[in-house]
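Visitor: Okay, here's what each chain looks like letter by letter:
4 protein chains.
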Amino acid sequence: MNGHSVRFRVRYYETDKMGIIHHKNFVGYFEMGRTELLRSVGYPYAQLEAQGIFFVVTELHVEYKSNARYDEELEVQTRLGWIRHASVRFDYAVRQAAEGRLLATGWTVLACTDGKKVCRLPEPLLRKLESLRE
Amino acid sequence: MNGHSVRFRVRYYETDKMGIIHHKNFVGYFEMGRTELLRSVGYPYAQLEAQGIFFVVTELHVEYKSNARYDEELEVQTRLGWIRHASVRFDYAVRQAAEGRLLATGWTVLACTDGKKVCRLPEPLLRKLESLRE
Amino acid sequence: MNGHSVRFRVRYYETDKMGIIHHKNFVGYFEMGRTELLRSVGYPYAQLEAQGIFFVVTELHVEYKSNARYDEELEVQTRLGWIRHASVRFDYAVRQAAEGRLLATGWTVLACTDGKKVCRLPEPLLRKLESLRE
Amino acid sequence: MNGHSVRFRVRYYETDKMGIIHHKNFVGYFEMGRTELLRSVGYPYAQLEAQGIFFVVTELHVEYKSNARYDEELEVQTRLGWIRHASVRFDYAVRQAAEGRLLATGWTVLACTDGKKVCRLPEPLLRKLESLRE
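Chains as they are written, first to last, in my numbering: chain A, 1 to 134; chain B, 135 to 268; chain C, 269 to 402; chain D, 403 to 536.
Next up, chain A with everything else stripped away, as it sits in the complex:
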C-alpha cells in the first residue's frame, strides 16, 4: 500500500449514549492517520511545525458505513489523494481491526501555511509525498 496504517483502541470517553463511537471522533482518527503517514515518510508533523510550516484543514468529508464499540481495536489506513504546490489531500478508511469491517471512509484537504498565509510545501516533503503515488 502506498500509504500507512495505524492501530489503536476506542477509548471509553469516545462513546456516546447510543453505545457507539460518537461520529465526531473519526475526525481525530483521520488526524492520527495523517500524522503517522507523515512520520513514516520521515517528516513528522511536529517537526514541520517546529520549522514554521502549518497544515490547516480546509475541507473534510466523512461517510459513515457502520460503527464500533468501546475497547475495540481500530485501524486507520491513510493514502495520498492528490498533491499540489500548496495543498494536499489525504484519503482515509477506518476499519475494525479484528474483522476488517469498514466503519468510515473520508478525506481531508490541507493547505500549507507559514502560520499566516498559504505557502508552498517544502520541496523535499513534496517529492516524498509524490513518491507515494508510484
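Calculated directly from the structure, the hints in this document are not laboratory data.
Output of the computed footprint for chain C on chain D, the stretches with three or more beta carbons under 8 Å from beta carbons of chain C: (1) 423-431; (2) 459-467.
Below, simulated DSS-like cross-link-like pairs (lysine-lysine); rule was C-alpha separation at most 25 Å, straight line: (3) A:Lys65 with B:Lys250; (4) D:Lys530 with D:Lys519; (5) B:Lys199 with A:Lys116; (6) B:Lys199 with A:Lys117; (7) C:Lys396 with C:Lys385.
Residues of chain B clear of chain C, computed beta-carbon distances all greater than 12 Å: (8) Arg218; (9) Asp225; (10) Ala227; (11) Val243; (12) Thr247; (13) Lys250; (14) Cys253.
Because the structure is a prediction, the values reported are computed rather than measured.
Just so it is clear, CB atoms sit at the ideal spot from N, CA and C, and this is done for glycine as well.
Given chain A, put chains B, C and D in place with the hints provided.
Guide: Just chains B, C and D, lined up with the frame of chain A:
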C-alpha cells in the same frame, strides 16, 4: 429564515496549539445547531430518543473558511437541506457572531433508525420539517 | 453569592455509553465557571492572556454526587476558595438547573505565570478577587 | 510493579492554545490506565459491563507537575490504591516516556454498580485486585 440559529462561546479546551478552534469541534457545533432547530419546531431530539427514534449521521461535510479564537461568541445557523422518508439533510453556517465573519459551512445527512434498523421519520416530524421549506 | 453562576445544556457528545455525562466533562464545566467569574469581575481571561498572564492548573479535585443526561440544563456556581500572591483556588458546584440537584463539587488551584515562570497576580485583579470574599 | 503501564502519543486535538496538553485530557489518560490494568489481570472492563457491572467514578484528584507537547510519547502507570467490597481506588502517574519526566499524579475512586445501585465487586475480580497488593 426557515431555520434556526444558536449562539455560544468558544471554550478554552476547544482551542489547539495553533491558537485557534480545532477543526474537530465544528462537528459538535453542527450537532448543537440541529439540536436547537429540532427543539424550535417542537421535537427536542432528547424526546425523539425517549420514543425510540435515533438519528444516525451517515455523511458529514465541512468547508473551513476562516477561524476563530477562545472566548469569541459564535453563531450556528441551521437549515433543512432536504428530507426523505427515512433521512434528512441539515445545512450549517458557523459565523463569528460579532462581525458575522463566516468560519465554516457544511452539511450532515442523518438516517432515522429505531435503534436497530432504518425506519421512517415520524409523520408529524416529517410534516413539521417540510414546512420549513416553505 | 460572592461568586458567579453560568448555565448551559449538556451536549450529545458529552454523554458516554452509560447514557450519562462522561466524568471528564466536568473539568470543562469548571473551566467555564471560572471563565465567567473572571468576566463578571471585569477581567476576562482572554484579556489576561493577551497581556501575557496565563493561569496554569496545578491541582484538580472533583467529587461526583449524581449524574445528568443529554440536553439537561446545568448550572455551574463558582466561588473564590483562597487567593495568594501567585495562585488562586476556585470552588465549584455543578447542579441540574431545573431541580437544583447537585451533580458534583470540586476545586482547582491555578498558578499565575508569565508563560514561562510563576509570577504575581496583577494587583488590580488580586484586589478584585479579594473583594469577592467580603 | 504491582500495577500496569501503557504508552501512547499525545494527539494534536489534545493540545490547547498554550501549546501544551489541556489538563482535561489527563482524566482520559487515567481512564486508559485503569482499562489496561483491568485487562492485564484478565478482567477487561468491556467484559465487566457486558456482565452488567459498571464502575462509576465518585472521586477524582490530579496534581499537575509539568507538561508535555503534541506527539510526545507518554506513559501512564496505574496501581491499586485500596479496595473495599463495593469500591476501588486506583493511583496514577503520567510520565513523558522518553525521559521519565513526571507530568501528573492522581487517583480516582470508583463505585461498583449494577447500573442502578451500588453492588459488591465480583468475588474473582476482588481477589485478583487484592493479589496486586502483595
